[in-house]
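Q: Each protein sequence line maps, in turn, to chains C and R.
Okay, so the first sequence: first residue is 68 according to our numbering, each after it adds one.
Okay, so the second sequence: first residue is 31 according to our numbering, each after it adds one.
Among these hints, one or two may not hold up.
Said to hold, decoys possible - Covered, in the sense of this in silico footprint (three residues per stretch, anywhere, with C-beta under 8 Å from a C-beta of chain R), are these stretches of chain C:
{"no.": "1", "segment": "209-221"}
{"no.": "2", "segment": "252-260"}
What the hints assert, rightly or not - List of simulated lysine to aspartate or glutamate pairs, EDC-like, C-alpha gap at most 20 Å:
{"no.": "3", "chain 1": "R", "residue 1": "K196", "chain 2": "R", "residue 2": "E172"}
{"no.": "4", "chain 1": "R", "residue 1": "K102", "chain 2": "C", "residue 2": "E199"}
{"no.": "5", "chain 1": "R", "residue 1": "K96", "chain 2": "C", "residue 2": "D257"}
{"no.": "6", "chain 1": "R", "residue 1": "K102", "chain 2": "C", "residue 2": "D258"}
{"no.": "7", "chain 1": "R", "residue 1": "K196", "chain 2": "R", "residue 2": "E167"}
{"no.": "8", "chain 1": "R", "residue 1": "K96", "chain 2": "C", "residue 2": "E338"}
{"no.": "9", "chain 1": "R", "residue 1": "K194", "chain 2": "R", "residue 2": "E213"}
{"no.": "10", "chain 1": "R", "residue 1": "K96", "chain 2": "C", "residue 2": "E259"}
{"no.": "11", "chain 1": "R", "residue 1": "K96", "chain 2": "R", "residue 2": "E82"}
{"no.": "12", "chain 1": "C", "residue 1": "K295", "chain 2": "C", "residue 2": "E338"}
{"no.": "13", "chain 1": "R", "residue 1": "K194", "chain 2": "R", "residue 2": "E258"}
{"no.": "14", "chain 1": "C", "residue 1": "K307", "chain 2": "C", "residue 2": "E209"}
Since the hints were made in silico from the structure, they are not lab data.
Built from N, CA and C at the ideal position, the CB exists for glycine as well.
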Amino acid sequence: MIATGGKRWLFLGVALAVVLSYVSGGLNSYDRGIWIDCGINIILAVSLNLILGHTGQFSLGHAGFMSVGGYTAAKITLVCAALLPVSMQPVLLFVAILAGGLLAALAGLLVGIPSLRLRGDYLAIVTLGFAEIIRVIMQNTEAVGGASGLSGIPKYTTLGWTFALAAVTIYVVAGLVNSTYGRGFLAVSDDEVAASSMGINPVRYKVTAFVVGAFFAGLAGALYAHHKQTLTPTGFDWLKSIDIVVMVILGGMGRTPGVILAAILLTWLPEQLRVFSDYRMIIYSLLIILLMILRPQGLFTFKRKKKPNPVPA
Amino acid sequence: MDRATIRFGGLTAVSALDLSIGPNEMVGLIGPNGAGKTTAFNMITGVYQPTEGGISFLGHPTTGLKPHQLTKLGIARTFQNIRLFSSLSVFDNVRVATQLHRRHGIINALWRGRDFRDSEAEVEATVMDLLAIFKLEALRGEMATSLPYGAQRRLEIVRALATKPKLLLLDEPAAGMNPTEKEELMHLIRFIQERFSISVLLVEHDMTVVMGVCQRIAVLEYGVKIAEGNPSEIRSNPAVIEAYLGTEEGEEEVEDA
Numbered sequence: 068m069i070a071t072g073g074k075r076w077l078f079l080g081v082a083l084a085v086v087l088s089y090v091s092g093g094l095n096s097y098d099r100g101i102w103i104d105c106g107i108n109i110i111l112a113v114s115l116n117l118i119l120g121h122t123g124q125f126s127l128g129h130a131g132f133m134s135v136g137g138y139t140a141a142k143i144t145l146v147c148a149a150l151l152p153v154s155m156q157p158v159l160l161f162v163a164i165l166a167g168g169l170l171a172a173l174a175g176l177l178v179g180i181p182s183l184r185l186r187g188d189y190l191a192i193v194t195l196g197f198a199e200i201i202r203v204i205m206q207n208t209e210a211v212g213g214a215s216g217l218s219g220i221p222k223y224t225t226l227g228w229t230f231a232l233a234a235v236t237i238y239v240v241a242g243l244v245n246s247t248y249g250r251g252f253l254a255v256s257d258d259e260v261a262a263s264s265m266g267i268n269p270v271r272y273k274v275t276a277f278v279v280g281a282f283f284a285g286l287a288g289a290l291y292a293h294h295k296q297t298l299t300p301t302g303f304d305w306l307k308s309i310d311i312v313v314m315v316i317l318g319g320m321g322r323t324p325g326v327i328l329a330a331i332l333l334t335w336l337p338e339q340l341r342v343f344s345d346y347r348m349i350i351y352s353l354l355i356i357l358l359m360i361l362r363p364q365g366l367f368t369f370k371r372k373k374k375p376n377p378v379p380a
Numbered sequence: 031m032d033r034a035t036i037r038f039g040g041l042t043a044v045s046a047l048d049l050s051i052g053p054n055e056m057v058g059l060i061g062p063n064g065a066g067k068t069t070a071f072n073m074i075t076g077v078y079q080p081t082e083g084g085i086s087f088l089g090h091p092t093t094g095l096k097p098h099q100l101t102k103l104g105i106a107r108t109f110q111n112i113r114l115f116s117s118l119s120v121f122d123n124v125r126v127a128t129q130l131h132r133r134h135g136i137i138n139a140l141w142r143g144r145d146f147r148d149s150e151a152e153v154e155a156t157v158m159d160l161l162a163i164f165k166l167e168a169l170r171g172e173m174a175t176s177l178p179y180g181a182q183r184r185l186e187i188v189r190a191l192a193t194k195p196k197l198l199l200l201d202e203p204a205a206g207m208n209p210t211e212k213e214e215l216m217h218l219i220r221f222i223q224e225r226f227s228i229s230v231l232l233v234e235h236d237m238t239v240v241m242g243v244c245q246r247i248a249v250l251e252y253g254v255k256i257a258e259g260n261p262s263e264i265r266s267n268p269a270v271i272e273a274y275l276g277t278e279e280g281e282e283e284v285e286d287a
């Protein structure tokens, strides 16, 4: 797994992002936009993977958390951008992104505590309902533009920001799952009854996964807002949640590298196949059905290298 | 347990069961199929709450506590149908169970400072020790569910021990074992009790195993305790013989599960 080696992987990822942001000057704006989309989708898919893949909770609310983050961040920059000098832009973006993530995490906590007593299909329905509620609230709140949404959001998101945050996301998810603490997520996903009799509080672990996942969805939403420059409530409907679920399933649940590849593929492919965009959902559902029949472990699941367990000296 | 009773609708599954387990004692709970053994077991471990009466552990009343809280108090269990974590290796199955006594949370897991690494290393050492005691160290990298049946049973016991219990509850550990494996299991249970000096409650079908290791045995039939005593008393108790062998038809009710 990524980041088992510790913090240096995180630094490597962030450094790579910084380099990318310099190199990206050479790309045309269309290509750069696609790469930013890729990065945002990586954040979304990897964070959903913590909830869906590692902890085994079927959530269809990721787009809802994303919109909470996106709207929060956009509102902050829209209000503050005119008041601050241009040199303060990165600080403003940072604050906006962080606020977006925190508010999304709060939303995750509020939704998670009551709904995580449910399992499987029931949880999926509750989270789906929650995401729709958020969308409807946004649609009817004049402060965030109502049905026409927010526009004129400053274009702050860069390739560097996106990939740096993607690196942080990957690090956090992998770091959690690769600690004795975080293995509780896997234990809960495997067998809740057995986990609780090992002293693991399943509800606490599920809510933790949910809140961490929602936080990163919020970050992704904030990046998205400052990349697309407009936000509309319909952009965060349940199809968006399904998109992210498809990335996780396609990449292999609980397999971070596979999920990253799937996120990139599913960002790039629709761009190449714009002609067929009307059939996208049909193709997605067919893809999932075929995948479940032929490769239930995920498209990009490679045989996990057997990790020799450390022998203490 | 003090007059613990549980009813499901109109059915009284376990009725006014009194049972106490002393420190370092090995108690067996037996009874024919459907006598309420597993239900009694689930009341002790917090899966079910008694409808009447109460249960206490080391002076604490345990009514209302969730299974994970009971585990913190020092009650560990194994399952009748093995429930190992299938996506974790043998090593990690045991490692997960040791996290109970550590105070490191999310932030530490991400920052991985010296404290955290020391504590992870300590956990690893504990796990290795446990695996070595139970001769599972060579299998530590295997996925838990790929082990042979007997080893999976052993691993479940190791995992329960990793929570550092004071009371270990074994739910039909001999189920599905052949005579040789049962013999090994008896050695293992005696060994655990001596080595870790803990109390053990053994819920079991298999007479040989129960008679072989327990100091005291309680017999349940239709949710009621019909006898309690040491193995030789139980063996000669007419009520027990009747419960197991029946009186008129002489049906064999003891099942080789």
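Q: For every hint, state whether the structure bears it out.
A: Hint-by-hint comparison with the structure:
Residues of the segment 209-221 of chain C with a Cβ under 8 Å from some Cβ of chain R number 0, which does not satisfy the need for three, so the listed coverage is violated. As drawn, the segment 252-260 of chain C meets chain R at 6 residues by the rule of a beta-carbon pair under 8 Å; at three or more, the given contact holds. With a CA separation close to 29 Å, the supplied pair K196 of chain R and E172 of chain R exceeds the 20 Å bound. A hinted pair counts as satisfied when its Cα atoms are at most 20 Å apart, and K102 of chain R with E199 of chain C does not qualify at roughly 40 Å.
This hinted pair checks out: K96 of chain R and D257 of chain C have alpha carbons roughly 19 Å apart, not beyond 20 Å. Restraint check for K102 of chain R and D258 of chain C: satisfied, since their Cα atoms lie roughly 19 Å apart, inside the 20 Å limit. Only pairs whose Cα atoms come within 20 Å are accepted, and K196 of chain R paired with E167 of chain R is rejected, the gap being roughly 24 Å. For the given pair, K96 of chain R sits about 51 Å from E338 of chain C by alpha-carbon distance, which is inconsistent with the 20 Å threshold.
This hinted pair does not check out: K194 of chain R and E213 of chain R have alpha carbons roughly 25 Å apart, beyond 20 Å. Annotation: proposed proximity of K96 of chain R to E259 of chain C holds, straight-line Cα distance about 13 Å (limit 20 Å). Between K96 of chain R and E82 of chain R, the direct Cα distance comes to roughly 17 Å. Compliance with the 20 Å bound is thereby established for this hinted pair. As the CA atoms of K295 of chain C and E338 of chain C are separated by approximately 15 Å, the hinted pair is consistent with the 20 Å bound.
Annotation: proposed proximity of K194 of chain R to E258 of chain R is violated, straight-line Cα distance about 29 Å (limit 20 Å). Our distance criterion of 20 Å between C-alpha atoms is broken by K307 of chain C and E209 of chain C, whose separation comes to about 23 Å.
Checked against the numbered hints given earlier, the structure breaks hints 1, 3, 4, 7, 8, 9, 13, 14 and satisfies all the rest.
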